[in-house]
Amino acid sequence: MVDRFGAKASKAAMARSIEKRIDRLDAERVHAPRTKRTLSVKFPEAPNCGETVLVANGLRKTYGGPDVFHDVSFDLGRGERLLVLGLNGAGKTSLLRILAGESKAEDGDFSFGYQVQPGYYAQEHDNLVAERSLIDHMRDMAPARLGLTETAACWGHSGFLATKCSKNRRRFLAEKRRSSPSPC
3 MVDRFGAKAS
13 KAAMARSIEK
23 RIDRLDAERV
33 HAPRTKRTLS
43 VKFPEAPNCG
53 ETVLVANGLR
63 KTYGGPDVFH
73 DVSFDLGRGE
83 RLLVLGLNGA
93 GKTSLLRILA
103 GESKAEDGDF
113 SFGYQVQPGY
123 YAQEHDNLVA
133 ERSLIDHMRD
143 MAPARLGLTE
153 TAACWGHSGF
163 LATKCSKNRR
173 RFLAEKRRSS
183 PSPC
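Numbering (our numbering), first residue to last: 3 to 186.
If you are wondering where the hints come from, they were derived from the structure by calculation, not from laboratory data.
A portion of the hints provided could be inaccurate.
[Stated by the list, open to error] With a straight-line Cα cutoff of 35 Å, these simulated DSBU-like cross-link-like pairs (lysine-lysine) come out:
hint, residue 1, residue 2
1, Lys63, Lys22
2, Lys94, Lys44
3, Lys22, Lys94
4, Lys13, Lys63
5, Lys106, Lys94
[Unchecked claim] Restraint ranges, calculated between C-beta atoms of paired labels, are given here:
hint, residue 1, residue 2, range
6, Gly88, Pro49, 27 to 33 Å
7, His72, Arg173, 27 to 33 Å
8, Arg31, Gly103, 52 to 58 Å
9, Tyr123, Ala92, 15 to 21 Å
Don't be surprised by glycine CBs; every beta carbon is placed ideally from N, CA and C.
All chains should be built: construct the whole structure from the sequences, respecting the hints.
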């Protein structure tokens with residue numbers, strides 16, 4: 003700044019004063035040690051299921067116009083994975099919502115195998131009410147014997163509104179609400 007305002011005495015003095023202040027702030031800066039934070043999540047034990055996990059036959063979905071997808075059929079066995087790949091608007095999320103029971107197919111049917119408990123990790127978190135705090139959401143799921151402090155401790159959260167929390171925190175809470183009746 004001194005180089006820029008050096009021609010004018012009043013501006014040069016102001017620039018030197020600002021530089022001194024910056025140097026003083028840099029000298030007084032405290033560098034706190036960074037601690038690595040970890041998050042521990044307990045998911046319930048999955049029950050033993052049969053060989054067939056999911057069977058879908060002739061699923062079709064439309065939203066009033068042409069079919070988003072039609073004649074989707076597959077068998078998914080234990081230990082296998084399903085990749086749903088397609089362009090935007092091809093119906094990937096619609097298919098997963100049908101399989102999660104959040105939407106209905108126009109045609110076709112599907113069934114889960116013996117003791118299969120499906121879970122769905124949505125892109126949006128429809129099960130979170132924006133005006134409610136995270137503590138309120140957690141209280142709905144926590145055992146009745148726990149108080150506010152214990153409930154918050156189970157989750158590692160405080161009383162912020164759902165809309166004020168990071169997307170990762172909202173995803174974590176939404177997944178816990180879907181997968182576990184209790185955080186503790």
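Evaluation of the provided hints:
Distance hint between lysine 63 and lysine 22 is unfulfilled; the C-alpha atoms sit about 68 Å from each other, more than 35 Å. Restraint check for lysine 94 and lysine 44: satisfied, since their Cα atoms lie roughly 29 Å apart, inside the 35 Å limit. For the suggested pair lysine 22 and lysine 94, the alpha carbons sit about 59 Å apart, so the restraint of at most 35 Å is broken. Distance restraint check for lysine 13 and lysine 63: the Cα-Cα separation of roughly 70 Å exceeds the 35 Å cut-off, and the hinted pair is therefore not satisfied.
Restraint check for lysine 106 and lysine 94: satisfied, since their Cα atoms lie roughly 14 Å apart, inside the 35 Å limit. The hinted range of 27 to 33 Å is satisfied by glycine 88 and proline 49, whose Cβ atoms lie roughly 32 Å apart. Judged by the Cβ atoms, the range 27 to 33 Å given for histidine 72 and arginine 173 holds: they are separated by roughly 31 Å. In this structure the supplied range 52 to 58 Å holds for arginine 31 paired with glycine 103, their Cβ-Cβ distance being about 54 Å.
Between tyrosine 123 and alanine 92 the beta carbon distance is about 19 Å. The supplied range of 15 to 21 Å therefore holds.
Taken one by one, the earlier hints fail for this structure at numbers 1, 3 and 4, listed in ascending order.
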